[in-house]
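K.L.:
One letter stands for each residue in the lines below.
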Amino acid sequence: MGLETKQLSTLHEHASYDVADFAVPAGREEEWRFTPLRRLRDLHKGVAAAGKVIVEVSAAPEVTVETVGRDDERVGKAYVPSDRVSAQAYASFAHATVVSVPKEVVATEPTVLTLRGEGGVAYGHTTVVLEPFAQATVVLDHIGSAAYADNVEFVVGDGASLTVFSLQNWAPDAVHLSHQHAKLGRDARFKSFTVSLGGDVVRIAPSVAYDAPGGDAELYGLYFVDGGQHLEHRLLVDHTQPNCRSRVDYRGALQDEDAHAVWIGDVIIRAEAEGTDTYELNRNLVLTDGTRVDSVPNLEILTGEVAGAGHASASGRLDDQHLFYLQARGIPYDTARRMVVRGFLGQLVDKIDVPQLKERVMAAIDEEIDR
Amino acid sequence: MATLEIRDLHVSVEDKEILRGVDLSVKAGETHAIMGPNGSGKSTLAYAIAGHPKYTVTSGEVLLDGESVLDMAVDERARAGLFLAMQYPVEVPGVSVSNFLRTAVTAVRGEAPKLREFSKEMRSAMAELQIDPAFAQRNLNEGFSGGEKKRHEILQLEMLKPKVAVLDETDSGLDIDALKIVSEGVNRFRSGGETGVLLITHYTRILRYVKPDFVHVFAAGRVVEEGGPELAELLENEGYERFTKAGASA
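Protein sequences appear in the order of chains A and B. Mapping of the first sequence onto the numbering used here: position 121 corresponds to residue 121, and the numbering continues sequentially without gaps. Count along the second sequence from 1, then add 1000; that gives the number in the numbering used here.
Hints in this document: simulated from the structure, not taken from any laboratory. One should not assume that every hint holds.
The list that follows gives simulated cross-link-like pairs (lysine-lysine, DSBU-like), each with its CA atoms no further than 30 Å apart [unchecked claim]:
no. : chain 1 : residue 1 : chain 2 : residue 2
1   : A       : Lys358    : A       : Lys191
2   : B       : Lys1054   : A       : Lys351
3   : B       : Lys1163   : A       : Lys358
4   : B       : Lys1211   : B       : Lys1163
5   : B       : Lys1120   : B       : Lys1180
6   : B       : Lys1211   : B       : Lys1149
7   : A       : Lys191    : A       : Lys77
8   : B       : Lys1180   : B       : Lys1163
9   : A       : Lys351    : B       : Lys1163
10  : A       : Lys45     : A       : Lys351
11  : B       : Lys1027   : B       : Lys1054
12  : A       : Lys358    : B       : Lys1120
Covered stretches of chain A (chain B as the covering partner; in silico rule of three or more C-beta atoms under 8 Å from a C-beta of chain B) [said to hold, decoys possible]:
no. : stretch
13  : 316-322
14  : 326-332
For glycine and all other residues, C-beta sits at the position ideal for the given N, C-alpha and C.
Just chain A, with the same shape it has in the complex (with noise of 0.2 Å):
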């Protein structure tokens, strides 16, 4: 592949789809320096795939879901990579999976590609395909143990819908690096849940490109961190175009010793993005000593004229006054703690409106409440 090199604001240098355009990051680099190396299982250095994640498909009857090989021509067309890792995956996948849906088809359930890691490293790649007003719900639910890194590309032509939601269940041992990139064509909208649960490194990087005016893209994230995990969401929305909106909400609970929560949220409106529209916010519970939480949200505004623009990150510890109040009213103090935490994240799973993924969501997340 050849070098293609473009240069974007001083959030995003360059993007390429070649690895030799990338150093081997060190640890120090701004884009990795919240990241433990160590534990990537030499993903960063060109490890070779050895292990397997297997996709397993199960589709609404008016979307296709193929297995196709690296030539394919949808494959590679929407995202270039940004770092190492993805550049990696782009040069070593084997085989993706292409989701596509006609033009002004309705899907009329969901379609689940569940990616189960049977062990060791793996590359992957994934690309969704929305033709104009076609309307879907795509979930990549990942489980099992792998040391695994994707790229994954949304295409939402235009007037179409799509929402997705990104599960990350995976066993504890695993270790899973992915960049999730959606092209938004005129009045696209675009909807992502991102649910980090499970696994010992996750670094999930969401990205929204406009390709033309109207495009709506809401990015919402829950995460429940662990003693010694490191779950990490690197957000960017670029608007390049005039009158497009964006709403990011990331909210994140930790608990127990080395428990790791890093967000970036990444906004940067050029100067034809007139008219835009946004605002990230990300939102972390502390529930006991111990754990670190590393949030940077970084707005650059290159235009005069927008019509909202802002940004909020909090992080503190569950509040005394809350539980004192739940426990005045004779809630025992484990339930009071567990009520406050549920609301605190519940208030993001309402926003699914997918009845069977918000109960979903809503359970893996009350069994780790309760682990």
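Since chain A is already given, all that's left is putting chain B on it; use the hints.
P.N.:
Only chain B this time, still in chain A's reference frame:
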């Protein structure tokens, strides 16, 4: 028959002594009003009884039916039969009123009420307090007006049916209609004659609707004068000035 007995209670907040020896006894069927100027320690008494961690009891006793509550956790005190209607009820994001009430009722009664019966009971209690049934699905106190919060405190009081209720300035910030609704709720609660009420207030207004049997005047962390309902009338006319001076010199 319920009795709340407070003996020589001393309470500090961050090493500063706020209550300096309070003696008070509330028996079933009695309503005691505690009145006093700002900063006299009225709310401290309420929070100390409920067990708020910020308030340290340095000496004295609080007994409910002869049993000390000071060694009990906050939730144990509530299950033992104490209730504090808060002056500033906190907003709890993501926890609905109905979920909260059902969890609290389950904890206090020791068993989960049947869902249908609970819903019926809650709806009827809400109707008495003129609370829109839609509030059941709203997050607890979130976006409630001051009056709505106070009505929900009384809703909890009526559903949890404690032995002794401490009402911490439940009347503050209420317009006259809300005050009447809230007072009727308190009167329903005490109508059986088996419960005690400790009503903390700065103003005499609520005492026209919730008639006290005893009035205690608080100043500088202790009771400086006691009497019947007529003492409230006196305070209405004279204000607290006399007591703030007395308290300062005590």
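K.L.:
For every hint, state whether the structure bears it out.
P.N.:
The hints, checked one at a time:
no., hint, result
1, A:Lys358 / A:Lys191, "holds (14 Å)"
2, B:Lys1054 / A:Lys351, "violated (37 Å)"
3, B:Lys1163 / A:Lys358, "violated (41 Å)"
4, B:Lys1211 / B:Lys1163, "holds (18 Å)"
5, B:Lys1120 / B:Lys1180, "holds (24 Å)"
6, B:Lys1211 / B:Lys1149, "holds (23 Å)"
7, A:Lys191 / A:Lys77, "holds (21 Å)"
8, B:Lys1180 / B:Lys1163, "holds (23 Å)"
9, A:Lys351 / B:Lys1163, "violated (41 Å)"
10, A:Lys45 / A:Lys351, "violated (39 Å)"
11, B:Lys1027 / B:Lys1054, "holds (27 Å)"
12, A:Lys358 / B:Lys1120, "holds (28 Å)"
13, 316-322, "holds (count 4)"
14, 326-332, "holds (count 7)"
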